[in-house]
Structure formats: C-alpha cells, structure tokens
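K.L.:
Next come the chains, spelled out residue by residue.
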Amino acid sequence: MNPKFAAVKNHFTNWREWELNPIVIKELRQAVRSWAVTGMLLLFLTVLFITSLVFLVGQSFNVHENTELGGTMFQAFAVILAGASILFIPLYIGVRVGAERVESNTDLLYVSTLSPGRIIRGKLLCGAYMALLFFSACMPFMAFTNLLRGVDLPSVFFILFFLFLVVCAANQIAIFLACLPLSRPFKVLLALAGFFFSFWIIGGMIAMTFQMMRSGVGAMMADRNFWIAIGTALGAGVALVGLFYVLSVALISPPSANRARQPRRYLTLVWLLGGALTIIWIFQVAQPELILVWTYATFFLMVFALLVTISNADELSPRVRRDIPAGGLRRLLAFPFFNGAAGGLVWVAGLTGLTFLLSELILTHARDWFSASFSLSSTDQEKIWLYNSTLIAYAFAYALTALFIHRQFMPRRQPKIAGLLIVLLAGLWAIVPGIVLFFLNKLSWKSVESLQLGNMFNIFSLQEDGQRIYHLYFATGWLVLVLALNAPWFLRQWRNFQPLPARVPPPLAETTPVP
Amino acid sequence: MKVQVKNLRKTFGKTVAVDNISFAFDSGHIFGFVGPNGAGKTTTMRIISTIEDPTGGDVLLNGISVVEEPELARRVVGYVPDTLPAHADITVHEYLDFYARAYGLRGKKRTQAIEAIEEFTNVTGIREKHLKALSKGMKQRVSLGRALVYDPDVLVLDEPAAGLDPRARVELRELLVLLAERKKAILISSHILTELTEICNGVVIIERGKILETGTIEDVLKKSAPRRTVAIRLLEDNRHQNPQLLRELLQTPFVENARDVANEIHFELTGDESAACDILGELIAKKFKIIEFRQTKANLEDIFMNVTKGGVQ
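Top line first, the protein sequences correspond to chains A and B. Mapped onto this note's numbering, the consecutive letters of the first sequence carry residue numbers 1 to 515. Mapped onto this note's numbering, the consecutive letters of the second sequence carry residue numbers 1 to 313.
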C-alpha cells in the first residue's frame with residue numbers, strides 16, 4: 001500500500017484519537033481570559049442592547065404600526081456586527097500572529113513540530129471561533145427582528161452566513177500580512193492600511209445586506225441567477241482565501257524547504273479552474289468578452305508573481321534538491337515549481353503566455369462563433385492585443401533587466417534587491433522624464449501625452465493611437481536583448497537543477513515522558 | 001546523541017556575530033558555553049535550536065541538519081531562552097499542555113508527561129497560577145519544563161541561572177546533573193563560571209564570535225593555566241616576617257611572581273608538587289611560622305579572565 005494512502009487511512013481509522021489543533025486550544029484559552037476580547041464582547045452586547053431599546057422605545061411613541069421595524073433594526077444590527085467583527089477580530093488575530101513572528105521572541109510556537117500549515121489553520125480556526133462567539137451573541141437580537149416584521153428568516157441566516165465568511169476571509173488576510181517578513185514600522189503601516197481597507201469591506205457588506213433586505217433573500221432563492229451569482233462570489237472568495245492561506249504557509253515554512261511549490265501549484269490550479277469556468281460561461285451566455293475578466297485577473301496576479309519570483313535566490317538547498325525528480329521530462333515539468341528565480345520565470349511566462357494566447361484565440365474567433373452577441377469592434381480587439389502584448393513585454397523586460405543588474409553587479413546582495421529594482425526602474429522611468437519635461441515645457445504636463453519609450457504607463461496616456469505600436473517594437477527589442485543577456489545565467493540554473501540522492505534521516509526515539 | 005557544530009557563521013549586516021566556529025559534544029555531557037556579553041553565545045544557541053538560520057556552516061544533531069531539516073531537529077532539541085515566557089492569560093499547566101500538544105503528545109501520554117515534568121521542575125504547586133504572576137525563578141523552571149516536556153535528547157540553556165536565588169541555583173545544578181545522567185547532551189551558557197566548573201565536563205570559550213578555547217574542563221585548565229599558584233600564610237603574630245619571606249622566596253628556584261596579597265604571600269610555582277614540598281621544608285627549616293601552605297587551582301573564571309579581552313562586536 002502507498003505510504004501516503006496508508007497514513008490517510010490510519011488517520012481516519014483512529015478518529016477517536018483526533019484532537020483539536022493545539023493552537024486553537026491555546027488561543028481560545030487566552031482569548032476568553034483576555035480583556036480585549038471580553039471587553040469588546042461586552043461593549044458589543046451593550047451597543048446591541050441600547051440600539052434595540054432606542055428602536056423599541058422610539059416605536060412606542062408612534063401611533064401607526066411600523067411594518068418595517070424589524071427590517072430597520074436588522075439593518076442596524078448588521079452594521080454593528082459587521083463593524084465589530086471585521087474591524088476587531090482580524091486585528092486581534094493579526095496582532096497576535098505578528099507578535100509571535102518577531103525575531104526576538106524566542107517563545108515561539110514556530111519552534112515545535114507543528115507544521116506551518118497546522119499553525120496557519122490553527123490561527124484561522126481560532127478567528128472563526130471568535131467570529132462565531134460574536135455572531136452567536138448577536139443572533140438572538142437579529143432573530144428577534146423577525147417577530148417585528150420587515151425581514152424574513154432566510155435573509156437573517158443568509159446574511160449572517162455571508163458575513164461570517166467575509167470575517168473569515170479578513171482573518172486570513174490579516175494572518176498573511178502578519179506573516180510577511182517585514183520590520184515593525186512596515187507592519188504597523190500595513191495594519192493601518194488593513195484597518196482602512198476594512199471600512200471598504202464593511203461598506204460593501206452593508207450595501208449588499210441592504211440590497212438583499214430590499215429584495216428579500218427568500219424571494220430570490222427561487223431564481224437560478226441568484227445562486228449563480230452567490231456561487232461565483234463564493235468561489236472567488238474561497239480562491240482568494242486559499243491563495244492567502246498557501247502564501248502564509250509558504251512564508252512561515254523553513255527557508256530550506258521548497259516554499260515556491262504550493263503557491264505555484266495552487267495558483268496554477270486556480271488559473272485552470274478559472275479559465276475552464278470562464279469558457280463555460282462564455283458559451284452559456286454567449287459573451288466572449290468575459291474572457292478578459294480571467295485574462296486581466298491572471299495578468300494582475302502574474303505581475304505580483306513576477307516581483308516575488310525575481311526576488312528568489314538562485315541556490316537550491318540540498319533538501320530541495322533531494323526532491324528534484326531524476327527523469328528528464330519529469331525534471332523539466334518540475335522546474336517551474338521549485339524555488340529559484342529561473343524556474344519561477346518559466347512558470348510566470350508559461351501562465352502569462354498561455355492566457356494571452358487563449359484570450360487572443362477566443363477573441364479572434366468570437367465573431368464567427370457568437371456573431372450576434374459579440375460587441376467588440378475589430379479596432380477594440382486590436383487595441384486589446386496591442387495593450388496586452390506591450391505590457392507583457394515591458395513587464396518581462398523590466399524584470400529581466402533587474403535580474404541582470406542584480407546577478408551581474410551585486411550578486412552578494414540579497415535577491416530581494418532584484419524585486420525592488422523592478423519597481424525602482426519602472427517607477428523612475430515613468431516619473432523622472434515626466435518631471436524634467438514638466439519644467440522644460442514651462443510647467444506643462446503635455447509631455448506625458450507624447451511618446452516616451454520605456455515608460456510602460458505612457459501607453460495609457462498617449463494621444464496618438466498610431467504611436468502605441470512603437471512601444472511594442474521597443475519593448476520587444478528590449479526583451480530580446482535582456483533575454484540574450486540572461487541566457488547564460490538561465491542555462492546555468494537549469495544545469496544546476498539536478499537531484500541529490502535522497503538521504504534517510506536517522507531514526508528518532510519515540511517521544512516519552514520523563515519518568 | 002552527538003551534537004556537531006560545524007564551521008558555523010552568522011552575520012547581521014556587516015557584524016559577524018559568529019565567525020566560523022566548530023565544536024562537538026555528546027550525550028551525558030554538560031558543555032559550558034562562556035564568553036563576554038556580545039560574544040555570539042545566544043546567536044549560536046538560537047541556531048542550534050532552529051530559531052535562527054546560519055549564514056554559513058551547519059549544526060548536526062545526530063546527523064540531522066538544523067538548516068536542512070529544522071522540523072526534524074526540533075524533535076530532538078529543547079531550548080531554554082534567556083527571555084522568560086511572558087504569555088498573558090495562560091496558566092503554567094496550560095502552557096506546558098500547549099507545548100506537549102504541539103510536540104504531538106496525545107491523551108494519557110500527554111497527561112503523564114506534564115505531571116512528570118511539573119513534579120521534576122517542582123512547579124506542581126503553582127500549576128494553576130498565571131505565567132505573568134510568577135517570579136523570575138519560577139518562570140525559569142517553567143521554561144525548563146517546557147523544553148523538557150517532550151523529552152528532547154539535546155538541551156540548550158541560555159543563562160538559566162541568571163536571577164535565581166542561591167537555593168534555586170543549587171537545585172538547577174542538581175537538575176542538570178540528573179539530566180546528564182539521563183543521557184541528555186546539554187549546552188549551557190552562564191556568567192557564573194564557578195558553578196559551571198562544578199557541573200560541566202567540557203567548555204567552549206568564545207569572544208567576538210571566535211572560539212578561544214574548547215575541550216574538557218581538565219584539558220582547558222591544563223592548557224590555559226599550566227602554573228600553580230601557592231599561597232602562604234604566617235601565624236598572625238609573625239606577619240612582620242612577610243617581607244623577609246618574600247625576599248627568601250624570590251631567591252628560591254621554581255618560584256616566580258612572588259607578591260603580598262592581603263597579608264598572604266602568593267607565588268607561581270613553575271615546578272611540580274615535589275618542588276612545592278621542598279620549598280615548604282626549606283621555609284620551615286628557616287623558622288618561618290607557617291600556619292597555611294596551599295596550592296590554589298586555577299578555575300574557569302581565571303582562565304576566562306586570561307584568555308578573553310572583553311571585546312564586544
């Protein structure tokens with residue numbers, strides 16, 4: 001029997017011995033005793049109680065029956081619950097993870113045999129339990145509104161369920177931000193950004209709640225499109241949470257491990273699923289333009305992936321090398337899923353190239369397949385092609401230039417300098433000539449509307465459409481040049497991508513208590 | 001269990017905290033790790049405990065690399081840091097319970113392990129107390145208990161005696177000897193060097209990230225302090241003879257650096273023990289009323305003062 005399968009079988013047959021994640025137990029023990037949590041919960045209950053009183057007492061002065069009182073109260077409760085749980089719980093979880101990631105803190109739970117995945121799941125589960133605590137405190141107030149009319153029970157439960165998922169997603173994002181290897185000031189800045197971003201999420205949630213209240217979830221449930229929209233939102237949300245989960249696990253994994261594998265595998269899977277779903281949708285609703293949603297989502301993710309990939313070190317640890325498959329084809333297929341900038345570049349280029357080709361293929365044949373419903377003109381199509389190809393060429397040209405500068409001129413510096421260089425190069429080339437020309441042209445920004453080769457943002461501000469093609473020529477030429485310059489480095493990386501013989505670790509004595 | 005530190009190097013920017021150091025110790029050994037503040041002791045210990053990654057080199061715990069397989073290494077190493085557990089809102093028992101769970105101890109086995117450790121470290125009476133309410137000594141015990149709860153083969157203790165009262169220090173020493181008898185490999189750093197001399201089999205002296213001396217205590221003492229110091233005390237009424245005794249000694253063979261130290265005459269003996277006997281016989285024959293004639297053995301503190309310069313990076 002396969003050892004992995006045997007381990008899974010053994011896990012399920014011994015279900016009586018299952019135990020809760022140790023981190024959940026510890027965190028919950030601490031949370032129920034913490035003044036922050038109990039104080040927040042008490043404050044939350046007090047606000048809910050006072051709000052109920054204000055509504056009920058206010059209604060008692062009204063001689064006419066208010067058939068919308070329940071709905072109005074529910075909306076108020078939803079705002080309070082969303083505010084309390086989206087602002088407080090992710091902040092609490094994030095701060096705790098961040099404090100444990102501080103290097104000087106040796107009392108780390110990371111120095112244990114708990115796997116990185118188990119640590120992140122523990123933190124996430126703890127956040128979910130805390131959210132359940134807040135939600136269960138609010139639930140009687142919300143269910144009560146049903147008795148006052150103006151809201152149906154399906155709406156109550158549906159909105160609560162959706163809000164709960166949003167809180168869990170916010171928790172995962174907070175955990176990811178806390179895991180980032182940044183200094184304390186940067187983390188504080190991120191926490192502040194996250195705090196303000198939370199208001200945006202709360203705003204969106206409240207808007208959605210109000211919309212659902214107006215329409216009534218019970219009434220919408222019969223509509224197929226309602227479930228499709230909910231399914232799509234849930235799918236996208238789960239994919240995003242999953243991405244932050246694998247990224248967090250990778251961030252707290254030991255540097256000697258193949259940290260790149262899981263995020264790249266996950267993103268490839270999501271990319272494939274997303275592509276398949278988009279194509280199904282295109283044929284369902286006969287709208288080939290939908291492919292652009294998938295295309296631009298992929299490009300957006302790949303720009304970040306490119307930044308991270310370029311910041312990877314070249315050397316593979318012996319532990320990683322032991323995992324490299326020995327066979328030629330298997331080694332080739334494994335290359336993009338291993339640590340290292342070279343493999344990462346192949347992976348990003350592969351996904352970006354395939355997305356671009358598939359997108360072009362669908363848009364080119366769209367007129368034949370969906371003549372009636374295809375709304376894009378051929379000029380628009382050409383524009384999309386030109387924008388996409390130029391931006392991709394520029395992105396890779398910048399990345400490879402940064403890589404070349406780092407590997408050639410500062411190889412002893414940390415590889416993340418290369419990632420920083422891309423941002424610096426692209427930023428400086430976009431800003432400096434613009435500012436110089438601003439002063440030369442008597443304080444006029446007119447120059448940004450004329451051709452500035454190398455400035456990838458200039459494509460969007462160019463006045464003359466015909467000049468955009470020069471950007472493509474320039475970016476392609478530049479890309480070919482840096483490809484040639486980096487070719488020896490790339491070949492060296494491929495040659496170094498060789499497996500080491502697997503080492504059998506010495507057996508360890510079973511853990512036994514000290515007598 | 002063999003612990004091998006091989007060409008370990010750690011830099012923080014331009015500061016070289018640990019500079020290519022190598023040493024090894026074994027099961028049943030207590031190895032002292034001494035050096036001035038900022039010598040690189042804590043950094044080395046953090047690397048051995050998988051908390052920090054080295055810039056170069058490696059540490060092998062029975063062949064398991066802390067760099068390559070930190071997850072495996074963590075199963076065999078227990079670390080007592082110099083900072084004490086400061087978790088708020090958690091009791092001693094819950095704290096130990098968490099670490100036992102984190103290291104995969106389950107059900108009855110976990111309960112037994114925690115009870116045994118609480119008894120061993122003498123924290124049973126305070127198991128329901130909150131960590132933040134504990135004294136430094138008690139926290140130190142809890143910290144040791146945490147490192148021992150999963151029965152690791154290697155123990156790394158960073159300044160475990162700092163801030164402990166004399167009784168707690170004696171208890172800690174006894175505890176460490178007991179653990180060494182149970183075949184644990186122990187690396188301990190401390191500034192209380194006299195205590196280390198009593199319990200350690202071996203020692204590493206480090207300064208500015210470099211090893212100055214390493215080996216068994218006896219070897220290091222022999223190597224770094226080959227000369228014996230002899231102290232002579234005359235009967236109280238005859239102390240006025242001290243200058244005369246000093247002059248006499250300066251003319252005696254195998255005697256160097258004779259000096260008056262707090263009404264005692266100290267000198268360095270370059271010869272062996274029979275030379276000491278001859279000197280004593282000669283002095284008695286010359287009617288010096290000697291009440292005390294003793295050889296003072298160099299200890300770790302003397303060697304530490306001799307070999308280190310107190311440099312900080």
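Please keep in mind that the hints were generated in silico from the structure rather than gathered at the bench. Since the structure is predicted, the reported quantities are computational estimates derived from the model, not experimental observations. C-beta: ideal position from N, C-alpha, C; glycine also. Certain hints may be false.
Unchecked claim - Below 20 Å or equal to it, Euclidean Cα-Cα: the simulated DMTMM-like pairs (lysine to aspartate or glutamate) are:
{"no.": "1", "chain 1": "B", "residue 1": "Lys-222", "chain 2": "B", "residue 2": "Glu-171"}
{"no.": "2", "chain 1": "B", "residue 1": "Lys-109", "chain 2": "A", "residue 2": "Glu-17"}
{"no.": "3", "chain 1": "B", "residue 1": "Lys-139", "chain 2": "A", "residue 2": "Glu-19"}
{"no.": "4", "chain 1": "A", "residue 1": "Lys-4", "chain 2": "B", "residue 2": "Glu-264"}
{"no.": "5", "chain 1": "B", "residue 1": "Lys-109", "chain 2": "A", "residue 2": "Glu-19"}
{"no.": "6", "chain 1": "B", "residue 1": "Lys-222", "chain 2": "B", "residue 2": "Glu-119"}
{"no.": "7", "chain 1": "B", "residue 1": "Lys-223", "chain 2": "B", "residue 2": "Glu-119"}
{"no.": "8", "chain 1": "B", "residue 1": "Lys-183", "chain 2": "B", "residue 2": "Glu-171"}
{"no.": "9", "chain 1": "B", "residue 1": "Lys-108", "chain 2": "A", "residue 2": "Glu-17"}
{"no.": "10", "chain 1": "B", "residue 1": "Lys-287", "chain 2": "B", "residue 2": "Glu-248"}
{"no.": "11", "chain 1": "B", "residue 1": "Lys-287", "chain 2": "B", "residue 2": "Glu-264"}
{"no.": "12", "chain 1": "B", "residue 1": "Lys-132", "chain 2": "A", "residue 2": "Glu-100"}
{"no.": "13", "chain 1": "B", "residue 1": "Lys-287", "chain 2": "B", "residue 2": "Glu-301"}
{"no.": "14", "chain 1": "B", "residue 1": "Lys-2", "chain 2": "B", "residue 2": "Asp-153"}
{"no.": "15", "chain 1": "A", "residue 1": "Lys-416", "chain 2": "B", "residue 2": "Asp-272"}
{"no.": "16", "chain 1": "B", "residue 1": "Lys-289", "chain 2": "B", "residue 2": "Glu-218"}
{"no.": "17", "chain 1": "B", "residue 1": "Lys-222", "chain 2": "B", "residue 2": "Asp-272"}
{"no.": "18", "chain 1": "B", "residue 1": "Lys-14", "chain 2": "B", "residue 2": "Glu-52"}
{"no.": "19", "chain 1": "B", "residue 1": "Lys-108", "chain 2": "A", "residue 2": "Glu-100"}
{"no.": "20", "chain 1": "B", "residue 1": "Lys-287", "chain 2": "B", "residue 2": "Asp-302"}
{"no.": "21", "chain 1": "B", "residue 1": "Lys-6", "chain 2": "B", "residue 2": "Asp-53"}
{"no.": "22", "chain 1": "B", "residue 1": "Lys-289", "chain 2": "B", "residue 2": "Asp-302"}
{"no.": "23", "chain 1": "B", "residue 1": "Lys-6", "chain 2": "B", "residue 2": "Glu-68"}
{"no.": "24", "chain 1": "B", "residue 1": "Lys-2", "chain 2": "B", "residue 2": "Asp-89"}
Said to hold, decoys possible - Beyond 12 Å from chain A on every Cβ pair, some chain B residues (computed):
{"no.": "25", "residue": "His-29"}
{"no.": "26", "residue": "Val-66"}
{"no.": "27", "residue": "Gly-104"}
{"no.": "28", "residue": "Glu-256"}
K.L.:
Hint by hint, say whether it matches the structure.
P.N.:
Results for each hint:
no., hint, in the structure
1, B:Lys-222 to B:Glu-171, "violated, 29 Å"
2, B:Lys-109 to A:Glu-17, "holds, 12 Å"
3, B:Lys-139 to A:Glu-19, "violated, 28 Å"
4, A:Lys-4 to B:Glu-264, "violated, 76 Å"
5, B:Lys-109 to A:Glu-19, "holds, 13 Å"
6, B:Lys-222 to B:Glu-119, "violated, 40 Å"
7, B:Lys-223 to B:Glu-119, "violated, 41 Å"
8, B:Lys-183 to B:Glu-171, "holds, 19 Å"
9, B:Lys-108 to A:Glu-17, "holds, 11 Å"
10, B:Lys-287 to B:Glu-248, "holds, 12 Å"
11, B:Lys-287 to B:Glu-264, "holds, 17 Å"
12, B:Lys-132 to A:Glu-100, "holds, 17 Å"
13, B:Lys-287 to B:Glu-301, "violated, 36 Å"
14, B:Lys-2 to B:Asp-153, "holds, 9 Å"
15, A:Lys-416 to B:Asp-272, "violated, 63 Å"
16, B:Lys-289 to B:Glu-218, "violated, 34 Å"
17, B:Lys-222 to B:Asp-272, "holds, 13 Å"
18, B:Lys-14 to B:Glu-52, "holds, 17 Å"
19, B:Lys-108 to A:Glu-100, "violated, 29 Å"
20, B:Lys-287 to B:Asp-302, "violated, 33 Å"
21, B:Lys-6 to B:Asp-53, "holds, 14 Å"
22, B:Lys-289 to B:Asp-302, "violated, 30 Å"
23, B:Lys-6 to B:Glu-68, "holds, 14 Å"
24, B:Lys-2 to B:Asp-89, "violated, 38 Å"
25, His-29, "holds, 18 Å"
26, Val-66, "violated, 9 Å"
27, Gly-104, "violated, 6 Å"
28, Glu-256, "holds, 48 Å"
Checked against the numbered hints above, the structure breaks hints 1, 3, 4, 6, 7, 13, 15, 16, 19, 20, 22, 24, 26, 27 and satisfies the rest.
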